[in-house]
Amino acid sequence: MTWIAYLGRRLGRALAVILGVLIISFCLVRLAPGDPASLMAGEAGVDDAQYIQNLRHSMGLDQPLAQQLWTYLRHAAQLDLGYSYRNQATVWSLIAERLPATLLLMGSGFLLSALIGVAMGVLAALSHRRRGIADRFISHAALVLYATPSFWLALLLVLVFSVLLDWLPAFGMASVGVELHGWRWVLDYASHLLLPALSLSFMFLALYVQLTRSAVLESLNQEYVRTARAKGLKPGRILYDHVLRNALLPVVTYAGLQLGQLASGSLLIEVVYAWPGIGRLLYDALTQRDYPLLLGVFLVISVLVVVFNMLTDLLCRVIDPRIGAGGQRS
Amino acid sequence: MLQLFSLSSRTNASESNVSWRPLRALASIVLAIACLHLGAAWADADANAKDGGVLNLVSQPEPPSLSHAVVTHVSTQYVSGKILQGLLTFNTQLEPQPVLARHWSISPDHLTYTFDLQEGVRWHDGQPFTADDVVFSFKDFYPQTDKRQGDIFAEYVASIDKTGPLQVVFHLKKPFAPLLSSLGSGLRPIVPKHLYEGTDYRNNPYNLNPVGTGPFVFKEWKRGAYIRLVKNPDYWIQGLPHLDEIVFHVLPDATSRAAAFERDDVQVLRSGDADYADLSRLSALPGVVSSDKGYELYAGLAFLQFNVRKPPLDNVKVRQAIVYALNRQFVVDNIFFGAGKVAQGAFASNTPYHDPKLPQYGYDLAKARALIKESGVDVSKTHIRLLNGEKGGAWERLAEYTNASLQPLGFKVDVVTSDAATWFQRVSNWDFDLTYNFTFQIGDPYLVNSYLYRSDNIVKTSPFGNVGGYVSARTDALWQQVANQPEGPERTQSYSELENQLNEDLPIAPIFEMRFPTLYHSEVKNLLQTATSLNESYDSVYLERKAP
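These protein sequence lines are chains S and F, in that order. To get this note's numbering, take the position in the first sequence, counting from 1, and add 3. Heads up: the second sequence at position 466 corresponds to 464 in this note's numbering, and the numbers run straight through without jumps.
In short, the hints are calculated from the structure, not lab data. Nothing here was measured: the structure is a model prediction, and the numbers come from that model. One or more of the hints may lead you astray.
As the list claims (entries may be wrong) - Covered stretches of chain F (in silico footprint by chain S; criterion: 3 or more residues with CB under 8 Å from a CB of chain S, positions within the stretch not fixed):
#1 62 to 72
#2 142 to 150
#3 214 to 223
The beta carbon of each residue, even a glycine, is placed where N, CA and C say it ideally should be.
Using the sequences and the accompanying hints, generate a full structural model.
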C-alpha cells in the first residue's frame, strides 16, 4: 500500500471516528436530565416562563432532537461550532482562549513523564542486571506513584512547595497585573507550570518506568546485544543504538495513547491548580448543560486523540523501518 | 487655631510692654499657617498610608455575567457590586443609607417617594449620571429583565418621573412598604441609559464589560483565571477608593482556595469559599479575622421543602412529625460545624418581621411518633424520595442524617443524589417528595420569601418558587395585606399572624438560619461595614501596610 493511500485511509477512518464521537456525545448529553434554559434563568434570578421559552427557542431546544442533531452536524461540517449562550461567546473563541493552556500543560506533563519515566526505567533495568538496590527503589516508587490519586498528590505538592516552603506559586498560569518581559516572563510562566506539570506527569510516569524497564530487560537478553558486546562495542553505544532503539517501540505506542488520555486527564490538575485550560471548560460546560460548548470541547479532544494516534503511527515507522505503511512489520 | 494663637500673642505682648505687636502678629500668622500645613500634611500622610495596594479575592464559581442588573447570581454580585451602584444600601440594622441617592423623602400618605441624586457623578465612560438613568432603569430596564419587579411595579407604581436633572419621583397607586428594600444597590443597580436604551438588555455586550459609577472600573476578564478591576480616578467621593486594584481569582477547588488564603495570595474567603470542616483551622491562623457580619440583609434560611401534593406529605401532622424528629441543633453543630443557628420560624429572627413568641418545634421523638399516630397514616407504605442536589458535602450529610432520623418513625426514605442541573430541573417540575434548599430574605420577607408560599406562584419554572404546591387563602390574603400596609404595629401584627399560620401549616420546614463566616487577613480594613458588605463597592476598604 502506498503512503498516500495509507494516509487517505487513515484520514477517512479518523473522520468516521470523529463523526461517531459527535453523534454519540450529542445523544448522551441530551439523555442526561437538566435543562440549560431553566438553569440560566435560575442563575439570572428569573422565573418567567416566557423568558425560559424564548431562551429555549434561541438555543434551538424546542426543535425535534433529530432536527437539532442534523443542524449541529451541518454547522460543524462548516467549522461552525455554535454559540454559548451562558458565556455569551462563540464556542470557537472560548476553546481558542483555553486550548493553549491545556496544550502547554499536556506537553510539559508528557515530556516530564516520558523523559523521567524512560530514564528511570533504563536505570532500573540496568540495576536489575547488577542486582542493585536502585531497581527495587525505582520499581516500588513507581508503584506508589501509580497507586496514588493524582489530585491528592497535587494538593500535597501545593502544601509542601507553596504553603510550607513558599518556593512556588499555588495557582494560576501567570502573575496577574504584572508587566514582565523576556526571561522574567518565561520564569514566571515556568514557576507556575512546574507543579501542575509534575502532578500530571506522575499519573503516567510509573507506567513509563515499568514499560521501559521490561522492554530494556527484554532487549538486553537478545542475541544482537550479545553480538554487539562480542564485537567490543562500548556499553553506551550498545545501550543507545541497540537496546533503547528496540525497546522504545512499545513506549512510543503507549505515549500516543497517553497523549489522548492527557487531554481529559488534565481536568483534575486544572481544577487543583486553577489552570485555565480546556478540562475545566469541559467540566463547567457539563455542569451548566452548555450543549454547544460541551460538544465543541468533545470535538476538539477527539481530534487531538486522532491526530496523536496518527503521529504515533508515523513515529513508529521512523523508529522501526520494518513497519510498513499498513502498520504491520514486514 | 488662628484665634488661639492670636490670643496668646496678645498676652505676651502686654507683658513685655514692647512694641513688637506687628511682628509678633505676623509671626503668629506664619506659625498658624505652618501648623495648618503640618496638620494637612499629617492628614494627607494618613490618607496616603491607606492608599494603594491590590486586594485579591476569590471568585467561585466564575460569574456568568459581570452585571448584577441582569444576573442576580451571588458570584456576579460580588464582582459587579464594585462597578455598578444603586440608589441606596442598608446598614446592619437594615436602615437605608444613601449611595447614588443622597436624600429621599416619603409623603405622609406613603404614595410619593422623592429621591435627590448625588451631584458630580459620572459613568466610567465619562458621561454624566442623571435622573434619566434612574427613570430608565426602573421604568424600562427592570420591568423587562425581571418579571417579579415588572409585576410589582405594574401593580403598585403609577409613574416614575424626572422632576429635575438630579431628582426622581415614584408615584404609587397604593402603599407598598417594601419599596425602599427593593431599590438597594445589591438588587437594583442603576444602568447607563446611553448604553442600554434600544438594545436587547439581556444580551447587551456591556453585561460582560460593565460601565458603572462605582469606585472600580472593569479592566480585564481572563476566563477561567481572573477578573481584574482598577481604581476609578474620577470616583464621585473625593479621596476614595483607597485600593489600586481588585483581582478576583477563579479558584474551583476548596482546598486550593484554603492554601491560597494561607499563603496570603488571597486576602478574603467568603462563606462557602472554604469547606465548613476547614473553617476552624483557618480562622485560628495568626493574623486571620473571622466574622459573621455583613450578611444581615440576606438572612439566609436553610429549609426542608415538602411536596404537599403527595401523600403522606399532604398531611400536616406528618410534616410536623418530621420536623420534631429532626434534631436541628445537631445539624447545626455537627453537620455544618456551627455555621448557623436553629431556625425559629419562617422569617429571620434578627429582623422585626419575626414573631419572638412563635411556638417552636423542638427535637421530640415521642411527640413525632404521637403525631404520626394521630395522622392515621401508615407512613411505611410509601417510599419517600429525598432529592439531594449537589450543594457540597455538608448537604449530602444532611440528607443522610434526615434519612436516619426518619427511619424510627417508620418512613422509608430513598436519598436520590443528582448534579445541580438535574436537581434544578426536577425541583422546578415538582418531581420530588422532599428536598433541601435555602433562600435569602433580603430585608422585607415579601420581596423573596413570599414567592415560596403564595399560591399565585405555583409555576413550573424555577426551584425558588412555590414548588411544594402549598395553597392557603388565608396566607395569600396576609401576604397581600403586608405588602400594602405601611411600616408600623399593624404591619408587625399581620406578619406575626402570617408567620404563625405558616408555622402551623409547615409547607416548608425551616431548619437553620445560615451563618456566613467571612475569613480575612487583618491587614484588610473596613471590609464589613453594611448589611451586604461583601457585595458592596469597597470604596473605603484599604490595606494596612505591614511594618517593614
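Cross-check of the supplied hints:
{"no.": "1", "hint": "62 to 72", "in the structure": "holds (count 6)"}
{"no.": "2", "hint": "142 to 150", "in the structure": "holds (count 4)"}
{"no.": "3", "hint": "214 to 223", "in the structure": "holds (count 4)"}
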